[in-house]
Amino acid sequence: MSYLRNQKTYLYLGFFLLIMIAAHYRGWLGPLEKSGRSLVIPIVSRLHFLNVQAPISGEFTCDSNSPSSTVNNENKQQLGILGARVNILENENMELKKQIDFKSDKKINLVTTAVLGRSLDTTENTIIIDGGESLGIKVNQPVIAGAGVLVGKVVKVENDIAIVRLINDSLYKISGMIINKDNSLGTVEGGYGLSLRLKFIPRNEVVRVGDSVVTGGLETECPKGLLIGTVAVIENEAYKPFQQAVLTPAVDLARLSIVSVLTQ
Amino acid sequence: MFWLKWIARIIKILAIIIGIILIHICVLDFLPFPFNNTNVIIAAILWIFIFNADIRTLFLIIPAGFFLEILSSTPFGINSISLAISLSVVGWILLHILTNRSVFIVFLSGLIAVIIYRFIFIILLLIFGSLTWAALWSGWGIITNLFFEAILTALLLLIGYVVVGYLVKRFRPEYINLRTTNNYDRSTRHLWHF
Numbered sequence: 001m002s003y004l005r006n007q008k009t010y011l012y013l014g015f016f017l018l019i020m021i022a023a024h025y026r027g028w029l030g031p032l033e034k035s036g037r038s039l040v041i042p043i044v045s046r047l048h049f050l051n052v053q054a055p056i057s058g059e060f061t062c063d064s065n066s067p068s069s070t071v072n073n074e075n076k077q078q079l080g081i082l083g084a085r086v087n088i089l090e091n092e093n094m095e096l097k098k099q100i101d102f103k104s105d106k107k108i109n110l111v112t113t114a115v116l117g118r119s120l121d122t123t124e125n126t127i128i129i130d131g132g133e134s135l136g137i138k139v140n141q142p143v144i145a146g147a148g149v150l151v152g153k154v155v156k157v158e159n160d161i162a163i164v165r166l167i168n169d170s171l172y173k174i175s176g177m178i179i180n181k182d183n184s185l186g187t188v189e190g191g192y193g194l195s196l197r198l199k200f201i202p203r204n205e206v207v208r209v210g211d212s213v214v215t216g217g218l219e220t221e222c223p224k225g226l227l228i229g230t231v232a233v234i235e236n237e238a239y240k241p242f243q244q245a246v247l248t249p250a251v252d253l254a255r256l257s258i259v260s261v262l263t264q
Numbered sequence: 265m266f267w268l269k270w271i272a273r274i275i276k277i278l279a280i281i282i283g284i285i286l287i288h289i290c291v292l293d294f295l296p297f298p299f300n301n302t303n304v305i306i307a308a309i310l311w312i313f314i315f316n317a318d319i320r321t322l323f324l325i326i327p328a329g330f331f332l333e334i335l336s337s338t339p340f341g342i343n344s345i346s347l348a349i350s351l352s353v354v355g356w357i358l359l360h361i362l363t364n365r366s367v368f369i370v371f372l373s374g375l376i377a378v379i380i381y382r383f384i385f386i387i388l389l390l391i392f393g394s395l396t397w398a399a400l401w402s403g404w405g406i407i408t409n410l411f412f413e414a415i416l417t418a419l420l421l422l423i424g425y426v427v428v429g430y431l432v433k434r435f436r437p438e439y440i441n442l443r444t445t446n447n448y449d450r451s452t453r454h455l456w457h458f
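Quick note, the sequences are listed as chains A and B, same order. Letter by letter, the first sequence follows residues 1 to 264 of the numbering used here. Letter by letter, the second sequence follows residues 265 to 458 of the numbering used here.
Just so you know, these hints were derived from the structure itself, not from any lab. Among these hints, one or two may not hold up.
Stated by the list, open to error - Using 25 angstroms as the maximum straight-line C-alpha spacing, the simulated DMTMM-like pairs for lysine to aspartate or glutamate come out as follows:
1) A:K156 x B:D318
2) B:K276 x A:E33
3) A:K173 x A:E237
4) A:K173 x A:E90
5) A:K173 x B:D293
6) A:K8 x B:D318
7) A:K156 x A:E221
8) A:K34 x B:D293
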């Protein structure tokens, strides 16, 4: 009896999954997917905001053991919260100014959006941004932060959101160029936690710690010269045909709040 | 009355799934690498399955898979299929082969679930063209992430199992009676092998 029930459960599970997948590709799940997103994205967004927001500075903290009255402590707490908000708004303002400057300098089309949070993929470094097909965002378009710092590329687009694969993801690869005497070319790869690696640099070219690395421009979608990071460590082994460098990304990829998509 | 019972059950399942996803997002967002590789969704469903010993727990895969699909970068269906196959296989193993519930078996079930999940996930990505063999073998990034995910998920499952097992033994009346009266007979023997 129990054996039969188990068999039925597996069959029903498979059946419901197939129905769900078929309904998605037929477009019947659209309203349900939209409701699901509107249920989960505010939570994702709120948690991401908590992660991104700057810590409250020491001057706003209050000592609960001090003899001052409770009202005074509450006021100090309110002041602390307001101070943190001002800090966040200042950071956002600076970020937007940088992106506007970059846009006017380079004369390119940018779609600036907020970062809603990380996607639910465990092993992938991907983020959800607040803009999709309706804003002209397409798959493979590069995504930048600040004044032209490459942070990733669009890998999936829905009507109202898009998913961006960050440069530190193990599946992200792009040509990189070191700003040195030889303009050394290599391949930038993610998948090493917070750092990146620039591989396949010819051994005879001189690379120094602190050299900047920019996009090489070998891909049709990504323009040349977007900043990726700086060289932190150089690995040049005698028995290997190429040298490689560990890079520190130019922005903190875990604390992105506003990014722009280069729509060309 | 019947419908009310069903509505209550659906709300309960949704609340469980949203709770699991909330913890999953917290782990992804707040923990540093490699701890953010922990797959809370697999650990939680497997944990509920181990404690309930009910095959119907596997139906949690459908809402969990749905939420994973709408907020993930992979083509729709890959996460759900991988999750369903891996947890069904582990569920079958736990019900028919590894029927002992020692900490080693719990740890092993977590490892097997994540390894099968990622294996099917990668195969489906290769079939759908979202991943190429060249990208798969060009670096150790994917293998390293898989290693951390398997170990950390199995550890989370193990910790959950041990902590809740301890609390159950400590506070459930059956155990308290057994400890105080030393009334150990065949009918309650299974409780001592928790």
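Here's how the hints hold up against the structure:
no. : hint            : verdict
1   : A:K156 x B:D318 : violated, 37 angstroms
2   : B:K276 x A:E33  : holds, 20 angstroms
3   : A:K173 x A:E237 : holds, 23 angstroms
4   : A:K173 x A:E90  : violated, 33 angstroms
5   : A:K173 x B:D293 : holds, 23 angstroms
6   : A:K8 x B:D318   : holds, 13 angstroms
7   : A:K156 x A:E221 : holds, 15 angstroms
8   : A:K34 x B:D293  : holds, 23 angstroms
The structure fails hints 1 and 4 (numbered hints given earlier, in ascending order).
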